[in-house]
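J.: In case you want the letters, here they are:
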Amino acid sequence: EAQVTQNPRYLITVTGKKLTVTCSQNMNHEYMSWYRQDPGLGLRQIYYSMNVEVTDKGDVPEGYKVSRKEKRNFPLILESPSPNQTSLYFCASSSLYPPGTSGTNEQFFGPGTRLTVL
Amino acid sequence: DAKTTQPTSMDCAEGRAANLPCNHSTISGNEYVYWYRQIHSQGPQYIIHGLKNNETNEMASLIITEDRKSSTLILPHATLRDTAVYYCIVRVAPRWYNNNDMRFGAGTRLTVKP
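Chain order of the listed sequences is A and B. Heads up, the first sequence is in the numbering used here, so the first residue is 1 and it goes up one at a time. Heads up, the second sequence is in the numbering used here, so the first residue is 1001 and it goes up one at a time.
Quick caveat, the hints were computed from the structure, so don't treat them as lab data. Because the structure is a prediction, the values reported are computed rather than measured. One or more of the hints may lead you astray.
[Unchecked claim] The calculated label-pair distances, taken between Cβ atoms and stated as ranges, are:
#1 Thr116/A with Gln1042/B: 13 to 21 Å
#2 Leu1080/B with Glu79/A: 37 to 45 Å
#3 Pro83/A with Lys1052/B: 42 to 50 Å
[Said to hold, decoys possible] Which chain B residues stay away from chain A? Per the calculated CB distances, all over 12 Å, these:
#4 Thr1005
#5 Arg1016
#6 Asn1023
#7 Gln1042
#8 Pro1044
#9 Gln1045
#10 Asp1067
#11 Arg1068
#12 Ser1070
#13 Pro1076
#14 His1077
#15 Thr1083
[Stated by the list, open to error] Sample of chain A residues facing chain B (criterion: CB under 10 Å; computed from the structure):
#16 Asp56
#17 Asp59
#18 Pro61
#19 Gly63
#20 Tyr64
#21 Ser67
#22 Lys69
#23 Arg114
Glycine included, each C-beta is placed from N, C-alpha and C at the ideal position.
Start from the sequences, fold in the hints, and give me the full structure.
T.: See below:
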């Protein structure tokens, strides 16, 4: 079954304690992305990756790190979490069309990780 | 990307068609209309997309006006499980060189009632 998985699904932690949220997809997608969702602010992109070893900042990257060492995995790292990073986090993936081709494609989203930083 | 306007909320009776409108008066010729939905804090789910022709798939139909300034998502026989927030997004087609992020706005909260 095609899917994006995230772990953990729920996490309560304390300020300053480093944590990693894992994301994995089994669809061989080039593109992966992290979003956070907060009430009244919608989904905002944190980081994205166009392929292995290629990552770039989204709209709200401060306080986060990512890596893309393998195509299927795109972990989100919070080196020193703070209470303002309490949020619902989503990982997403999609294919990208190579030069000379065209098409539209959908993004597949993971189930979400609800993070609380005390 | 063009801005979209959707009603904040709508109700629909179970078994009836749900028609969700979206205005996108500043849409450009190369921008597509996408619809996603989010069921109670789950990950958003793709529904359908279109450029200028009407589209239909197993989930829904998308009707785009001739001038492309507005569109309607139709769920032909709404069920209780269709209760969700529905997002209309207008953007260029993703390409190999694009950041494929989707700009989700506030959406329409659809409540399907028994």
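J.: Any CB of chain B closer than 10 Å to the CB of serine 67/A?
T.: Violated - the Cβ of serine 67/A stays beyond 10 Å from chain B, reaching only about 18 Å at its closest.
J.: Holds or violated: the hint that arginine 114/A contacts chain B, with Cβ atoms closer than 10 Å.
T.: 8 Å, holds
J.: Taking 13 to 21 Å as the hint, is the beta-carbon distance of threonine 116/A and glutamine 1042/B inside that range?
T.: 18 Å, holds
J.: Closer than 10 Å between Cβ atoms is the bar; does proline 61/A clear it against chain B? Give me holds or violated.
T.: 12 Å, violated
J.: The output says proline 1076/B does not contact chain A. Does that hold with a beta carbon cutoff of 12 Å?
T.: 20 Å, holds
J.: Taking 10 Å as the limit, does the beta-carbon of tyrosine 64/A come near enough to a beta-carbon in chain B?
T.: Violated, about 15 Å.
J.: Does the claim that arginine 1068/B lies outside the interface with chain A hold up, using a Cβ gap greater than 12 Å?
T.: It holds; arginine 1068/B is separated from chain A by about 15 Å at its closest Cβ, greater than 12 Å.
J.: Return holds or violated for the Cβ distance of leucine 1080/B and glutamate 79/A against the range 37 to 45 Å.
T.: For glutamate 79/A against leucine 1080/B, whose Cβ atoms are near 43 Å apart, the range 37 to 45 Å holds.
J.: Regarding the assertion that serine 1070/B does not contact chain A, is the least Cβ-Cβ distance greater than 12 Å?
T.: 20 Å, holds
J.: Verify that the Cβ of threonine 1005/B lies farther than 12 Å from every Cβ atom of chain A, and report whether the claim holds or is violated.
T.: Per Cβ check, threonine 1005/B is outside 12 Å of chain A; nearest 14 Å; holds.
J.: Checking hints one by one. Is aspartate 56/A an interface residue toward chain B, by the C-beta closer than 10 Å rule?
T.: At about 7 Å, which falls below the 10 Å cut-off, the nearest Cβ of chain B leaves the hint on aspartate 56/A intact, so it holds.
J.: Compute the least Cβ-Cβ separation between glutamine 1042/B and chain A, then decide whether it is above 12 Å.
T.: Per Cβ check, glutamine 1042/B is inside 12 Å of chain A; nearest 6 Å; violated.
In summary, the numbered hints that this structure violates are 7, 8, 9, 18, 19, 20, 21 and 22.
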